[in-house]
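Peer 1: Residue numbers (our numbering), protein chains in the order written: chain B, 177 to 502; chain U, 7 to 312; chain S, 18 to 527.
Hint data in this document are derived by calculation from the structure and do not stem from the laboratory. Hints are not guaranteed to be accurate.
List of simulated lysine-lysine pairs, BS3-like, C-alpha gap at most 25 Å [what the hints assert, rightly or not]:
| hint | chain 1 | residue 1 | chain 2 | residue 2 |
| --- | --- | --- | --- | --- |
| 1 | U | Lys115 | B | Lys202 |
| 2 | B | Lys205 | U | Lys117 |
| 3 | U | Lys122 | B | Lys202 |
| 4 | S | Lys362 | S | Lys86 |
| 5 | U | Lys122 | B | Lys194 |
| 6 | B | Lys205 | U | Lys206 |
Below, a sample of chain B positions facing chain S; criterion: calculated Cβ distance under 8 Å [as the list claims (entries may be wrong)]:
| hint | residue |
| --- | --- |
| 7 | Ile241 |
| 8 | Pro247 |
| 9 | Ser337 |
| 10 | Tyr338 |
| 11 | Phe356 |
| 12 | Thr357 |
| 13 | Asn444 |
| 14 | Asp449 |
| 15 | Ile461 |
No residue lacks a Cβ here, since even glycine has one placed at the ideal position from N, Cα and C.
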Amino acid sequence: MRKKREEAMKMGRKLSAKQQIVHFIKYFKAHPFLYLMLIPGFFFLFIYKFWPLYGLEMAFKDYNIFAGANPMDSIAASDWVGLKWFERLFSSSQFPVVLRNTLVINSLKILFLFPIPIIAAILLNEINSHLYKKTLTTAIYIPYFFSWVVIYGIFYSLLGSYGVVNTILSSLGLSRVQFFTDQSVFRGVLIFTEGWKEIGYNTIIYLAAITTIDSTLYEAARIDGASKIQQVWHITLPGLLPTIVLMLILKVGYILDTGFEQVLIFYNPAVYDVADIIQTYVYRIGLGQANFSLATALGLFNSVVAFILVVSANTVSKKLLGRSIW
Amino acid sequence: MTGSRIRKLKLKSTSERAFTIAAYIIMTALALICIFPCLHVFSKSISGGNLVATGQIYFTPKAIQFETMEYILEKTEFFNCLKNTLIVTVLGTAISMFTTITTAYPLSKPKMPGRKLFVMLYVISMVFFGGIVPAYMVVNTLGILDTYWAIILPFAIVQFNMFVMKSYFEGLPESIEEAAQIDGASDVQTLVRIVIPMSKPVIATVSLLYAVNYWNNYFHAMMYTNSSSMRTLQVYLYDIINNGQAFLESLYSGSLGTNLGNSMVNITTDGMVAAAVTLSIIPIIAVYPFVQRYLIKGITLGSVKG
Amino acid sequence: MKRFLLTLLVLVCALSLFAGGKSESADNSGTMTLKGPGNVTLKRLGYNIGFDVNTSYMVPIMEESTGYKVEYFALPAENADEKLLMEVASGTDYDIVNLDVDQWRTLVSNGALMPLNDLLDQYGQDILKGNSEETWAALSDENGVIYGVPYMYPYDTEVSNFMVARMDLLRAAGINEIPETLDGFYDMLVTLKDFYGDEYIILAGPYVNSSNGCNSLSFPMVIASAFGIYSDWMVDEDGKVYYMSEHENFDELISFLAKCAFEGLFDPDWAANTTSSVQEKFASGRAIIACADRNLAQYCIPAMEASMGLVNDDFGFISALEGEDGTCTYMESTSIGKVSAVLKKSKNAADAINWINLKVQDQLFINIGVEGVHFTYDEDGSINPINPIFADERGDSYYYLDATDAFAFKDQWPSRIRKSEAQWIAFEATTIDVNEERPEIFVPNDFAYMPASANYARYNTTLLNSLNDFVLQVMAGSRSVNDVSTFMKDWKVNGGEDVRADLQAYIDAQ
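Based on the provided sequences and hints, a complete structural model is requested.
Peer 2: Structure (structure tokens):
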């Protein structure tokens, strides 16, 4: 009970407005630079992130870019259409399919790909030779520099019906696998290629985080006779926890939002039923129309879902792990 | 007593050795998976044109030639685009690191009043996006269209990177900072003299994330610039990749038609793309080992904190 | 939390006031007077291309010819339409924009382009004379106001999509003749499959090249020809406009395609293939037959001759196939390829038109070159390019074409095909052969000269794409012939009837 009240005091929740202001002034006087430091960041944040939010209005309008003197004026000058674009989005017979695909593909990606960089970072840390470690990190990091178009080109020549992998399979007397047109394996291709591209990038974030862990803890554990696995479990992982939580919350927030470019480039009509996600679907129904309103409506929907997910994930993590990103 | 302790140590060392061996094997395998497809691109970029065109290049170059590379470097705008990308990356990373450190540091102070509001603003701005029209109009209104600033400033602070930095700062022991403040250091002095030197790994990491962001960024360069002298490497790459046909038209027409045997026979669209991709990756990979020094220092740094 | 959101809301409102307060007024004075070459730098926006548009060898050639300094810009490879609209709507200062017909229609229907009648009368006589009445009607609104100058596709009866086959492999399987009927074609595929099994891809496709006319379909038009199907929109004898999926033989066509795909006669990756993957499959010798156009021939044949020791005789070409009852239809390639327009806010409109007109006057020099240096005249008067100098000094000219003297260009253009022997072989075996042997198969393109229609600009790309996707899904087995009705339902939702109404109104007015 007392503890709780203390916590509340700390968070500044239960304090009255007046007390808060007093507290703020006191803190501000003691640490004016802390607030001044925030200015550059906020300056750019407001210019580039908040100012354009005005455009969200387009989601409820039939935006005609030529309606006003310039595209910004046109937003105000366009006609209100209420929820027309959302209806178009949700009422389509395709919507349940694409929503399901979006959730399934992105959940599978988190499930399979989220742990790998953590493991990779821990394992890399075990490698004693600096040169070899450098080589390995560079190797897993290179794929990040390929754009999806290039990656598609590479994997198409590897996995196509007459590509390298199928040539090997058929020379072993096995039947060919249609990686790009078989609905049962296509999601695997998406997950694998995403992993291939992104693992190195995420690994270096964990690598940096491992350096914050106090090395004396390991020495103590070794003296206590803890095995390597136990050390990882009891020292490394807890040490990485803040970063893991942060990364997971951010990933969950983007669950509706990732993979657009990848899917757009990789998929084809034969696998629409398992690979068409919300954004690729909207892209196709709006193709050639430069339909800014529909795109904005979709973006707004994604943002709201992402916001709810981030806030809930943060709440869950605060409850269960006592960690929070704010 | 001593005997059992020694035995224990020996036991540990076998288990540790097993773990280390496993680490070597697994990471080598992962690295091979990552590197093999890259070899494919590299091999294509220096292999004979006919072999590339007929899809006979897998993971090793054959009939090695450097004409494609030479063509890219001498006959196309590669260097000008590289220059633009370098300017954007260096300038951009510097600006971004400044704003990111100055933002992440105050926000990592748990007791700072207003912190939650500020963090929330960053979270909101991370998930909500006004669309490309207002974004374009902001750049237009600021009068920086078709300049380096148009490409750099939208990335002046990337929320994700700020959170990574903030999370690291939060993990630092408070005691050292507090000691410094008791000695009369201001917040700026604490940041510059104590926190930043202790944060080399995360600074290296986040700089790298930013540099890669700028290096790989296609969208801003594509949207906010229009003169051909402002093209960045990514725009250049996309132009090449998306215009295979046009390349054939302008490259192949004479040389492969009635006048076979011309030196251009080694240059193919696939080869061009592969060479351009390879050349565009080399500079940033060359920088990587220097950054990595700070990432790998790892545990040795932990003892300093004590 | 509530407080945060409230703050945010207030902030957004404040910003929107700030943003809304700014407006610009257009200054149009002085556009109608000619400043003349050397006194003005024109700005021209074109489509995306792989090279730097300002450093091409074509730039000095055109400057020498016209005297005008021109700065060139290109749209991006992605989001090109969005960027075009944003730049135009925010008052960019390009003088000439080179557009595809859909982009032009969108800009016309939004009133972003400058009326050109007076300017053309004064400065553009050669452009005016170089194009037909029909073409000008297509570029005008109902009051006869012209909003663009055309680049007409320079060949009226081209078989632009065909198939290329490896004759050496065909002969080995006992096939010596290229089939001309659909049945013969099917028998050939089956024979090849029986003979080669899984060793080769029998037929690789599709070959989708959107650069000329109605080639952007995901199945071979030379197969559709046997079913009397030749375009996405067609007109029956009674003058009624209908969509391809409403054609009486559409079910049969897609059943045929599905049957071939199911029996393994088509590449299993058909739905995933791109132009370049089809090219690569054929060039690498993994496919016996490939859907193709003359660009593919130009690219693959020399490479294969060099790497596999083949000769010209080892390549056969399959053009429009005939149905059982002798049905064979192929659409003429007559169409407006590109439109160049002047933006309403341009301050150099007179010079823009003057520049284009100067380029039309010097069309031969700019696009083909100098007699004796870049080309010679054959006995029959046709132009024969001298390679490789022709390709080296004129190869890129196509990118800088605005309007042409379309009548003259028809005679000049075929020489551009002859810059490549392989391309010319393919062209002879398909287009020239059909024109000589059975010109009756060509069906006119009913909509080649249709003026701007807002609905068409807005919906047709989506319709065409969903048609393509549907056929591919049928071929992949995830949809069947029974789903045509579902397809038509979606088609209506996506604006099919609106487009039909516009097209019908145009046909009725003819």
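Peer 1: Against the 25 Å threshold, does the CA-CA distance of Lys362 (chain S) and Lys86 (chain S) hold or violate the hint?
Peer 2: holds, 20 Å
Peer 1: Within a Cα-Cα threshold of 25 Å, do Lys205 (chain B) and Lys117 (chain U) meet the stated pairing?
Peer 2: Distance of about 14 Å is within 25 Å: holds.
Peer 1: Any CB of chain S closer than 8 Å to the CB of Ser337 (chain B)?
Peer 2: holds, 4 Å
Peer 1: Quickly compare the C-alpha distance for Lys122 (chain U) and Lys194 (chain B) to 25 Å and report which way the hint goes.
Peer 2: With a Cα-Cα distance of about 18 Å, the restraint between Lys122 (chain U) and Lys194 (chain B) holds, given a limit of 25 Å.
Peer 1: Any CB of chain S closer than 8 Å to the CB of Pro247 (chain B)?
Peer 2: Result: holds, 5 Å to nearest chain S Cβ.
Peer 1: Below or equal to 25 Å on CA atoms is what counts here, so check Lys115 (chain U) against Lys202 (chain B).
Peer 2: Judged against 25 Å, a Cα distance of about 15 Å means the pair holds.
Peer 1: Starting from Lys205 (chain B), check that the Cα of Lys206 (chain U) is at most 25 Å away, please.
Peer 2: violated, 30 Å
Peer 1: Go through the hint on Thr357 (chain B) and say holds or violated, using the shortest Cβ distance to chain S against 8 Å.
Peer 2: Holds: closest Cβ of chain S sits about 5 Å from Thr357 (chain B), inside 8 Å.
Peer 1: Are Lys122 (chain U) and Lys202 (chain B) close enough, with their CA atoms no more than 25 Å apart?
Peer 2: Distance ~18 Å between Lys122 (chain U) and Lys202 (chain B) Cα, so the pair holds.
Peer 1: Answer holds if the nearest beta-carbon of chain S is closer than 8 Å to that of Ile241 (chain B); otherwise answer violated.
Peer 2: Holds. Min distance 4 Å.
Peer 1: Report holds or violated for the interface hint on Asp449 (chain B), using the least CB-CB distance to chain S and a cut-off of 8 Å.
Peer 2: Since chain S brings a Cβ to about 6 Å from Asp449 (chain B), closer than 8 Å, the hint holds.
Peer 1: Quick check on the hint: Ile461 (chain B) CB to chain S CB, less than 8 Å?
Peer 2: Ile461 (chain B) check passes; min Cβ-Cβ to chain S is 6 Å, inside 8 Å.
When each numbered hint is compared with the structure, a violation occurs for hint 6 only.
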